[in-house]
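Using the hints, build the complex out of the two chains.
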Amino acid sequence: MNSTLHEFVSLDAPPMIAGTLAALCCGLLGNFLVLRRLSLMGDAVAHSVLPGIVVAFLVAGTRASLPMFLGAAASGLIAAALIEVVRRLGRVETGAAMGVVFTVLFALGVLLIERAAARHVDLDADCVLHGQLETLFWFPPEDSSEFWTVRTLAAVPRQVWTLGLMTLITIAFIAALFKELRLAAFDPALASSLGFSAGLMHFALMVMVAAAAVASFEAVGSILVIAMFVCPAATARLLTDRLLPQIVVSAGVAIAAGVGGYLLAAFGPGWIGLPNAVNAAGMMTVVSGVLLAAAAVLGPRHGVLARRRRLARLAVSIAREDLLGLLYRAEELRGPGTAVAQADVRRAIDSGAAARRALRAARRAGEVVHTPNGLRLADSGRARARSLVRSHRLWETYLVKVLGLRPDHVHATAMDLEHVTDAEMARRLAERGGEGMDPHHRPIPPA
Amino acid sequence: MPATPSTIAGFTAQGATLDELWRTLTLQAGYNAAIVVLGATLLGIAGGVVGSFIVLRKRALLGDALSHAALPGIAGAFIAATLLGAQGRSLAVLLPGAAAGCVAGVLAVQAIVRWTRLRDDAAIAAVLGVFFGAGIVLLSVIQSMPTGDQGGLASFIYGQTAAMNARDATLIGAVALGSIASVAMLFKEFRLACFDREFAAVQGWPVGAIDLAMTALLVVVTVIGLQAVGLLLIVALLIIPSAAARFWTERLRVMLPLSGAIGGLSAYLGACASALLPHAPTGALIVLVAGAIFAISMTLAPSRGVLASIVRLLRLRVRIAVDHALRAAVERADGARAAQPGRALTLVLRMGGHARVSDGRVELTPRGAERARRVVRAHRLWERYLIEYADAAPSHVDLSADAVEHSLSPALVADLEDALRKRGLPAANGPTNSPHPLDSGQQGGAA
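Going down the list, the protein sequences come from chains W and G. Start counting the first sequence at 1; every next residue gets the next number (my numbering). Start counting the second sequence at 1; every next residue gets the next number (my numbering).
Think of the hints as simulated: they come from the structure by calculation, not from any bench. Take these hints with a grain of salt, some might be off.
[Claimed, not checked] Heads up, incomplete: computed chain W residues facing chain G, CB under 7 Å, no partners named:
id, residue
1, V34
2, R37
3, V92
4, G95
5, A96
6, V100
7, A107
8, E114
9, C231
10, A234
11, N279
12, G289
13, A296
Given the structure is predicted, the values throughout are model-derived calculations rather than measurements. Ideal placement from N, C-alpha and C gives every residue a C-beta, glycine not left out.
Isolated chain G, as found in the complex (with noise of 0.2 Å):
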């Protein structure tokens, strides 16, 4: 590993103070410091809005292909460079070798999927592999090189922000705000093409030369990341912001930003807390706080998130539970060998205003009451269309209508009692009689 990035513009800190943080996050702690969280926090940006089209297309890995075909096209430049006679270790040699490694990789993976039977897995993966195995040979072969110190090549595959100068991290900010303004100029081609591919084509749009734009970005955005966070975790500022963004909205519009503001925000707490820590490489750390983000955002995230599809699941539970007992205290009122509630459901339905608890024993409030007429009204409404309209046996059609009462919304039911009575059913207001006998010992969930 090349020289650890704990000297960052001068900071040879053991642990921060809280002056140091503030100082740090306030972009006060020096020129070259602030430039580099500047730079870093650009280029976050830039990866999480260009990143954003890749995961939407489902090509996530590709990124990952394209970073890796970097370093033969870094290390090849390098080499060409020494031959020449050059200074093969400038960015104006490396950037250009890189971007072509970066064009070849994709090339090579359009060339694949296009032309054999293999799928875009199997290219990505077989790109990503060779193109980074003869890297590495070439790498080998500039260590043996006369003149040959890798040793700043290095710093290409894990990245090293503290290498970066003022001048890069200048250039990579304008290139970073260059390629977003790009996205915004070019928003309606890139979400077309996005969605709906086809429609595009038919409509007229340059398709081909859409997605070119697309991958050039792609490409851009990479060459100017691998000083910063380095070819392997490049693609972590791609993928991460834009899959973290798509947890908490549905619309292109709020996913660009809300993904360029996770990405900028990652960089700048990892490029931060990589000035004020020793021995922590800013490329690892920026990766980290952006999939601490997306931890985060899969947990909480209102619609998409996992605690809210367990909340939705538990409260559809608690629901149902609710219209078996109410249900099975009215059939028991009508003669019905029903359970009693157990404790828990006791309380639930005491919580809800459904039950209250007299002398031991669980009897319906008026509110209670009248949900369960609604429950068992649509319970047998349902038995009965299901016995007319499909034919099903009486004795059959009492556990469906247990799982359809609770999703009839009184439109449907409604639509039911109309159903009905052109068959010239009774279906009168109040609660129907069972189709079925309630003894037949066929209780559903009531439990």
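Pulled out of the complex, with its shape left as it was, chain W reads as follows (with noise of 0.2 Å):
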């Protein structure tokens, strides 16, 4: 093995793949929790477990993870329930409930900590902020034959196995019990009629929350923690109509936050000439929210643009459609052939933009052609045109013999649906209405 390679296995393995173990575990609870309206109880739970946490310490006298695993995992749990009893007793809305029971505990906390630190306790909270994913290592031996034995894999740092059990066990969970989970985050209601509950899923899936949070937090702090719950989810939220595959995309968004956040951090920074690496569990959530930041500004469906695309879209073809229905009723009034003046068409299809890219549209689809005197209906053009003021004309005439509206207040209404009219609705208007003449005393075009 390569001298390279072997500090990159001993020094920026271990952390990259505890960090990128904490944020799949979270990541994979937080699609539910996301769902579910509770993403800030992951926040809810980081914060809560600190009391646990401290007294674990305080009692067992000793930083071994088992003690500290269950105090901070009834904390949790003892968070959960509180909130639970705080909404349903008090009636508080949940995210007053949350808040008031999160920081009471987190106080709690701090107290018990600088309490233990006047008696020379080496505990500080920064530990569970930051968490101390930098003080991982493992050192392989050089000889590569040796690599896969007991005694060195027992050697590789505890952290990265609790992860990587939890890991397990969180796949595990969602795998057996997807069915239930799906049921109670969509409907709670149905899954209780249906005879499993929704309360008892609820449970489970908070003590898994409780779990995942104080399995991550020695190596990874809470901060990483909060975001995971949230970040991933939310970012294949905001990519995937379905729950698998919004569970699998979350997995992958998990994994790039974890190794690109832990890549960035520990070389980063030499990239740009700075000489220490900065925190890795921050710079892993900092690239959680890129991602996120990413997918709403990005995202094919759903993103910003993509809406921004579909409108801007349909804002052209309704111009377009304006454009020759103008048109057409020019050359009812002047014969066929007669010209606008494009500033006259500017003015009538006003808006902006729309109206310049819907004019090109249409000159190079052919349906309308430039002359001298302006813009004219090319023959192409002619057939939808017609069918576009005949949809206008079938509305107006419903909405006036029909619904009964006054013949002067259905033009604005027409000018709306003539837009999302087929065949088969023109059709049926036209039976229910009638053809002829609309209530203007416009003839409607024959289909």
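Okay, structure coming up:
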């Protein structure tokens, strides 16, 4: 093994893998929190475990992980239960109930730590916040034949094993209870009426959340935990519409945030000439935030840009149809081949950039032609223009004759509806409202 | 953790004497201590008053996102000032940085809710986690800077009132007073925007500007509170007092001052306790005092409190049991096989003056007989009503009447009589006859 790789495997791989596993198990569970509008539960549990950790530490007197784990899990569950108590018995809204419970528990933890510090006990709140990712390392033997022996693997930091186990348990939990979790997330009432308790699923989910949070704490700190319970799932939610793909995508995002965040934190500062690495857990959350922002802006279906583009395309197609209708009406008044000055067209279908693009599109499609006097309908555009004006006047007739609206009140409605009327709808409109003349005594063009 | 705040105003006490306690509570323990306690108290009042609105608008945890978002602002301002050669640690640099961070956080939450399909809980959790992670990354950058010393910045995370000098405390007090005055001035606008936004908008109020003012006050209180209680716990000052005040009143005009008073009292007691006890961080103590007041309010408040609800429920149960026992006595006299009341119930009946025991037999007093007559009458009237108007079968009405008889008011009983008389039913003033055989074995609840 060459020395660079060896250095990477001993110093960088353990924290990177630990961070990524933490991101993965929190991110997977986050899917159900985000769907059930409980995203802040991760935040609440993450703050509330502090007193449990401190009490466990003071009672057991060691930083061994089992007592800490039990203490933290206990206080996480107590927090979840207290939140329910305050919410139900006190009829306090969920957010406020969480806020009351977790701040009080966190304050208790801070107080306990300060009291403990007075007795020279080595424990501080910073390690709960920041984690100790950077302190994980592993020295594999130089000889790769000894690589997979029990003795070598046992030297892998305990946190990596803990998190690996937690990730496996999480995956097993979701796989085994997928149907129940899905139902409880989308329709708790149906879940209860089908005979499995949504309340029990909530409790099971909270147990898993507390366990994942606690397993992750020691390695990555509470910041990463809070972000990972929401960011990967939220990112996936913006990119997918079904639960299973959402879970898969969220796992991908979590892994990308873990690996990418670590690499950026460890090597990024070097690229811009800074001497020291920055906090890896913090960087992982930043990467997950960047991924979330990217999905929000660039997502193919629900992204801001995609929605803008869809709206813009709709605006162009409406402006283009309005243009055709305008030219058709001009021909009706002043005979075939009548041209309308471009300035008048702009004024009539006033919608800025959409109007310009509509004009360009119609000209390119050969629906209108430029003449020295302005724009004129081409033969290929006339059929579409006629069907559009037909739809418009059919609607006006229908609105007046069948729905009994006043003739001078129907134009604007017909303007909106004409763009979404297909042939079948036009046929039925003609059946109900009739052909011939519209309420303004203009002829309805034949189909 | 930063140095413990036990040295506040020269106190190094191992345990406070009564004299010290009195002097601290009455602000006679030195100028600096008095100023710090006063500043904290004003901050508590401002937090309670301003926080009421976010709690009422069910956006309690927005305050949490806001305060966590202050960290990258603080750290960024520190880095920028240091790079520019200025003193990074001064409040004049850090507080504007914190405010900028808060505003960026609020804008990010609003952008996510406005532009994506994510709900506000996910938006708040994501912003909170990611901004805080970014802050941690920046703190690790500061640590590696040559002039870097982030010790002073850490006090913003946990709060450290001891680091507060008289000038800071004066600033905090003045700003707190200013925000309380602003709320007093904008009370009508805030109330409208809080309870009926649509109505306010229709009435022509600038709802957007009102929201902006509310958020600005939130940012101001958060920023001045950072130093005193720390950004992890400042949200408690916003949520807990108003959630506690909500238990005591249904009126905003009462709730606001009450919430301010609870906030002020918590801060005052917390700051005093922290001055007296060694190794007791102020922020945590303030939050714990507030949490205790919340617990007391939730338990003892007269109409919304938990004890009051339990008492109401028990009284209803007793009333129902007494009604059933009395009716059973009447029906026994009519020849039905109804159960005798048990021992506890007999005691309740005797204490209420409804029954007496003679020769080991329970018999009704005149008072009990009168109430029994009313209950039986309500029961049978309701049964007849169900049979006449709801077409219920005579054998099916007993249980339903069992549930309803206790809540029929005299006016409703009179209405029932009128309705039944119109149908030509005998509804004289005395007990009506049962519309079904009493011995059908269907006796509800008398046991």
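Structure-based check of each hint:
Among the interface hints, the one on W:V34 holds; its C-beta lies about 5 Å from the nearest C-beta in chain G, closer than the 7 Å criterion. With a least beta-carbon distance of about 5 Å to chain G, the hint placing W:R37 at the interface is held under the 7 Å criterion. Contact between W:V92 and chain G, as hinted, is supported at the beta carbon level, the nearest pair being about 6 Å apart and thus within 7 Å. The beta carbon of W:G95 comes within 4 Å of a beta carbon in chain G, closer than 7 Å, and the hint placing it at the interface holds.
With a least beta-carbon distance of about 4 Å to chain G, the hint placing W:A96 at the interface is held under the 7 Å criterion. The criterion of a C-beta within 7 Å of any C-beta in chain G is met by W:V100, whose closest approach is roughly 5 Å, and the hint holds. Among the interface hints, the one on W:A107 holds; its C-beta lies about 4 Å from the nearest C-beta in chain G, closer than the 7 Å criterion. The closest approach between the C-beta of W:E114 and any C-beta of chain G is roughly 5 Å, which is under the 7 Å cut-off, so the hint is satisfied.
Taken as an interface hint, W:C231 checks out: its beta carbon lies about 5 Å from the nearest beta carbon of chain G, inside 7 Å. The interface hint given for W:A234 holds, since its Cβ lies 5 Å from the closest Cβ of chain G, which is under the 7 Å cut-off. For W:N279, the shortest C-beta to C-beta distance to chain G is roughly 4 Å, which falls under 7 Å, so the interface hint holds. With 7 Å as the threshold, the beta carbon of W:G289 comes within range of chain G, its nearest partner Cβ sitting at about 3 Å, so the hint holds.
Interface hint at W:A296: satisfied, since its Cβ lies 5 Å from the closest Cβ of chain G, which is below the 7 Å cut-off.
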